[in-house]
Amino acid sequence: MSACREMFARLSEYLDGELDPEICSRIELHMDDCPPCQAFLESLRRTVDLARDLPEHELPEAITRELVEAYRKTRESGGN
Amino acid sequence: MNSIESDRQLLDSIRRDDPAAFEEFVRRYGGRILGFGMRVCGESEDAKDVAQDTLLKAFRALKDVQEPEALKSWLYRVVSNACLMRRRKGKYEPKQELSLEDLMPRGREDAEVQIPDAASLPDDEAAREETRAAVHAGIGELAPDYRMVLLLRDIEQLSTRETAVALDINESTVKMRLHRARLMLRKVLADRLGRSGAAAEIPS
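As they're listed, the protein sequences go chains D and E. Quick note on numbering: the numbering used here labels position 77 of the first sequence as 77, and the sequence is numbered without any gaps. Quick note on numbering: the numbering used here labels position 8 of the second sequence as 8, and the sequence is numbered without any gaps.
So here's chain D without its partners, still in its complex pose (with noise of 0.2 angstroms):
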């Protein structure tokens, strides 16, 4: 159970490469022997999916040429 926490508090890191090779293989030699561990780390890899998979906002055409002509504004009144 203390690898267990061990390993619990390293996921992100390992998910996002930024762990060395020695603690991920020792992550890896783990998880091969825990079935719990190796359930959550891919519901943490769904998770972070699920969040990079959100849509992209746009900003709305109206707003865009508001701020175009406001800038332009300033722009001819010296205000830049």
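Don't take every hint at face value.
[What the hints assert, rightly or not] Label-pair distances were calculated between CB atoms; the ranges are:
| # | chain 1 | residue 1 | chain 2 | residue 2 | range |
| --- | --- | --- | --- | --- | --- |
| 1 | D | Ala62 | E | Asn2 | 41 to 47 angstroms |
| 2 | D | Asp49 | E | Leu100 | 21 to 27 angstroms |
| 3 | D | His30 | E | His136 | 30 to 36 angstroms |
| 4 | E | Ser196 | D | His30 | 21 to 27 angstroms |
| 5 | D | Ser2 | E | Leu121 | 35 to 41 angstroms |
| 6 | E | Asp64 | D | Glu66 | 24 to 30 angstroms |
| 7 | E | Asn81 | D | His30 | 40 to 46 angstroms |
| 8 | D | Ala62 | E | Arg128 | 23 to 29 angstroms |
| 9 | E | Asp123 | D | Ala62 | 28 to 34 angstroms |
| 10 | E | Asp168 | D | Asp49 | 24 to 30 angstroms |
| 11 | D | Glu66 | E | Arg16 | 39 to 45 angstroms |
[Claimed, not checked] Rough simulated footprint, nothing fancy, chain D against chain E, three-plus residues with beta-carbon under 8 angstroms:
| # | region |
| --- | --- |
| 12 | 47 to 58 |
| 13 | 106 to 120 |
Honestly, the hints are just simulated from the structure, not real lab data. Backbone N, C-alpha and C define an ideal beta-carbon position, used for all residues, glycine too.
Fit chain E to the supplied structure of chain D, relying on the hints for placement.
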């Protein structure tokens, strides 16, 4: 052209005082800034005001940004500060970090809850929308300090270093908050969308 190279060209045209540079900047970053503002401030008029103010103020100061690699961190720093200023007018945020112990799964069943796979969501638009709404709500439930790190790292795709610079915190704090934010989001998704491991295999 990669984004660093196109940011370099954008910064060059700003320094040349090219009149078209502002529109190019707004079209490239406006949606991202608005999206970030909406996810931090909530979907209110505040978010639109923050986005518009940020784009105008940031553009004026962009002449001083020398390295294209620094542009994103710098821009998100401006927008996150603007969001924080508005937030301070509202509720007080506790500064205490969450304990990892509190986020550990309670037993095997909790650890093995299955979360839907983004790569194989059903074709049904309503079901996809339900999943997105749960993710959106889960992000909204995070305390803002954690939410901002998750937004910058997982949604805006900034590096650990860029996120640290944008939020003026160190890289180990970014990693610590990101991990806790993901764990909390996982918990919300497990409660809303999860199925117990053996009962319902979700193909991946």
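To see whether the hints hold, each was checked on the structure:
Remark: the range hint 41 to 47 angstroms for Ala62 of chain D to Asn2 of chain E is contradicted by a beta-carbon distance near 31 angstroms. As the Cβ distance of Asp49 of chain D to Leu100 of chain E is approximately 22 angstroms, the hint placing it in 21 to 27 angstroms holds. Between His30 of chain D and His136 of chain E the beta carbon distance is about 33 angstroms. The supplied range of 30 to 36 angstroms therefore holds. For the pair Ser196 of chain E and His30 of chain D, the supplied restraint of 21 to 27 angstroms holds, since their beta-carbon distance comes to about 23 angstroms.
For the hinted restraint 35 to 41 angstroms between Ser2 of chain D and Leu121 of chain E, the CB-CB distance of approximately 36 angstroms keeps it satisfied. As the Cβ distance of Asp64 of chain E to Glu66 of chain D is approximately 26 angstroms, the hint placing it in 24 to 30 angstroms holds. Separated by about 41 angstroms at the C-beta atoms, Asn81 of chain E and His30 of chain D satisfy the suggested range of 40 to 46 angstroms. Between Ala62 of chain D and Arg128 of chain E the beta carbon distance is about 28 angstroms. The supplied range of 23 to 29 angstroms therefore holds.
Separation of Asp123 of chain E from Ala62 of chain D is about 33 angstroms and conforms to the stated range, judged on CB atoms against 28 to 34 angstroms. A hinted range of 24 to 30 angstroms holds for the C-beta pair Asp168 of chain E and Asp49 of chain D, which are about 29 angstroms apart. Between Glu66 of chain D and Arg16 of chain E the CB atoms are about 25 angstroms apart, so this pair departs from the stated range of 39 to 45 angstroms. For the region 47 to 58 of chain E, the proposed coverage by chain D is satisfied: 5 residues have a C-beta within less than 8 angstroms of a C-beta in that chain, meeting the threshold of three.
Counting residues of the region 106 to 120 of chain E whose C-beta sits closer than 8 angstroms to any C-beta of chain D gives 10, which meets the bar of three, so the coverage hint holds.
The structure is inconsistent with the numbered hints 1 and 11, although it conforms to all the rest.
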